[in-house]
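Novice: For the protein sequence lines, the chains are A and B, in the order given.
Read in order, the letters of the first sequence correspond to residues 1 to 159 in my numbering.
Read in order, the letters of the second sequence correspond to residues 1001 to 1569 in my numbering.
Careful: at least some of the hints might be erroneous.
[As the list claims (entries may be wrong)] Calculated lysine-lysine pairs in the DSS-like style (CA-CA distance at most 27 Å, straight line):
#1 Lys-1071(B) to Lys-61(A)
#2 Lys-1071(B) to Lys-66(A)
#3 Lys-1071(B) to Lys-1007(B)
#4 Lys-1380(B) to Lys-61(A)
#5 Lys-66(A) to Lys-1552(B)
#6 Lys-66(A) to Lys-1048(B)
[As the list claims (entries may be wrong)] Covered, in the sense of this in silico footprint (three residues per stretch, anywhere, with C-beta under 8 Å from a C-beta of chain B), are these stretches of chain A:
#7 67–78
#8 108–116
Keep in mind the hints are simulated off the structure, nothing from the lab.
Every residue, glycine too, gets a C-beta built ideally from N, C-alpha and C.
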Amino acid sequence: MKHILKILVNNHPGVMSHVSGLFTRRSYNIDSIAVGVTQDPEISNMVIVVKGDDSVVEQVKRQLLKLPDVIEVEDLAYHDCISRELVLVVVKVEDSNRTEIISICEVFQAKIADLTKTTMTVEFSGNTRQVEHFLEMMQKYGIQEIARTGQIALKYRST
Amino acid sequence: MPKTEAKISGARLMVELLEEYGVDIVFGYPGGAILPFYDELYKSTKIKHILVRHEQGAIHMAEGYARSTGKLGVCIATSGPGATNLVTGLTDAKLDSVPILAITGQVATNAIGTDAFQEADIYGITIPITKYNALIKSADDIARHFQEATLVALGGRPGPVLLDFPKDVQTELTSVRKVDKLKIDSRHYQKPPIGGDLDSFAAALNKAKRPLLYVGGGAINANASKEIKELAEKGNIPVTTTLMGIGAFPGTHQLSVGMLGMHGTAYANKAVLECDYILNLGARFDDRVAKPGEFAENAIRAHIDIDTAEFNKRVSVDYLLHGDLKEVLKALIPKVNKVDRPEWVGFLDTLKKNHPLEFDDSTDTIKPQGFLQKLYEKSKGKAIVSTDVGQHQMWAAQYFLFEEANRWLTSGGLGTMGYGLPAAIGAKFGNPNKTVICVSGDGSIQMNIQELATIAMYKKGVKILIFNNNFLGMVRQWQELFYEERFSESEWNYNPDFVKLGEAYSIKGLRISNKSEIDKALEFFLEDDDARILEVMIPAEEKVFPMIPAGKSQKDMIEFSDTVRAGKK
Ligand SMILES: Cc1ncc(C[n+]2csc(CCOP(=O)(O)OP(=O)(O)O)c2C)c(N)n1
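Kindly generate the complete structure, drawing on both the sequences and the hints.
Specialist: Below you can see the structure in the form of structure tokens.
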């Protein structure tokens, strides 16, 4: 089962090691981790995506709350949060398929960030499923490089 | 505008903060990166510094001091090798929830990260083994870090904290002596409100026919002995303790069934099997006690703890209450029915009679169990006992009973050989008027034997009992029982002459090997308040029983009588 943990932490150096250390201690594989500062410059928001059974994630959550630099931990369920991931992908292009790739990007509302005679760098953001799906579509043309940010997430405010 | 105070050095400030906090004793070892601090310590009239012989000794002394007094234990080390020598002690304190403040020197801030001489990233190294740690980057931050560190060390579930103190920050001038605002949340040091439903919790307990209290080290940290006794007596509920919980409930009380777990008493382990309700008070269902899925499987399980991360961690429970144990019990006791349970208490009394702690005492050789029985009788109720790790530790846990908390010092969670001697020294510093006995083995004692010098230098009357079996006894026991007697690297036929070694430090000693010598030896051992070494030669084959093999449950307990029956004695 996948969990999206939203963790508010003090914006100190070393906090990241404290937090990720708790996961490595349980030999947990972190799918993705994304950190950014919040509206309060003293506080950062970490979003960690992990796979694991509920009881163990619950354990990690409680352990996290014992860290003095951790302010809040929330386990966001997929259906009640907006999650996004940004990916930059470089695909090979040939004269013959350039328009085809561009039209796929249009459908996905992906942005073309850079273009050369042989490559195209595309920027796409969406939830994990959309990102996976988009990359799948690009696969066919030959992916040369990928950079992903990992997921960020916020709860839906509307009900 | 705040009135500007005169500037003082970071090192001066650290010493003043320790003084203001009430620290009057610290254990440590100097070195280049902590010299400015030592220079200020030199000028302090309020803080006594105990110079040890190894930093591991310093931190275990701080642990022994903290656990026997209930106060914060403080230790000091220099950067690099000094700091890394604290690692075992910090881990020990983390697992046993001991409040320790470690202050380490660090290379100057501009050299950090350059592999400078005697540099180690002790901040990084100790992340998983401290409750809180910080690298102090500016003298202006000292006051805040100090306050946060001490609050965290003692607050909630206690534990070790470390402040890494770069040399230039020690000399940097600052006027920030007080903190306006702590950065850590108050939940890390304030007592939490009681969480959970007291009424249904109490109702389940009141329904139980055969309830059992299972008391851990958390009960000692919460100072909850009085309430536990009240609860036990009101409901006539028998009490078993973990290795760490020894002393939280009077060992001689009629309702006490002693220690449970791997080497617990047969009656405690049988009580676990027979009870229909088990109430965990500040214990953690440790793997030496509880096998998930099989522990007290027929009982309703309930748990009270200050650390929510302990709930349902290894063993799932039916009822839980979160909070400071003392406060929770105070709220719970009025809701608990006053009941006599003659059948259940009588049943356990019979168990105690039929399954006592046993050993074969028919020869002239000294049996450690019998020896400890006598030592216990002679020092009854008065001594503080520390142990190392091994068979001697388990025998001491079985044969010493304690009326009070904070008198039993042992490395429970980490099982650290080398803990006993320095812990005893620390306890003696904290309790100069009490008899302090270190029970050790010929293996363990050699892990921090250099601290005999600390005993000699400060004339501390620590009593050191060494059970010599020329073996790493506990390792041998496992090899005998589970590895077909292949004694791989557990035997040694070379020990120093411990008595002569003591003499080298002006500590009087005696070695005995015959039962007839016991009484005189004990007299010699306890006669005055001077340090003593008593080396007791014991048979290598002697084993600790009962025993629950690792990973097994209460049902698989082997008793001494089973081995006799199997002709294996
Ligand atoms: C630092 C450390 N190293 C290794 C061990 C593993 N160990 C546990 S008990 C034991 C034997 C202890 O021998 P001794 O101190 O002579 O005590 P005895 O069991 O003979 O009473 C060993 C090696 C340990 N607990 N701690």
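Novice: All hints are to be evaluated individually against the structure, with a verdict given for each.
Specialist: Here is what the structure says about each hint:
no., hint, result
1, Lys-1071(B) to Lys-61(A), "violated, 30 Å"
2, Lys-1071(B) to Lys-66(A), "holds, 22 Å"
3, Lys-1071(B) to Lys-1007(B), "violated, 30 Å"
4, Lys-1380(B) to Lys-61(A), "violated, 45 Å"
5, Lys-66(A) to Lys-1552(B), "violated, 31 Å"
6, Lys-66(A) to Lys-1048(B), "violated, 33 Å"
7, 67–78, "holds (count 3)"
8, 108–116, "violated (count 0)"
Consistency with the previously given hints fails for numbers 1, 3, 4, 5, 6 and 8, ordered from lowest to highest.
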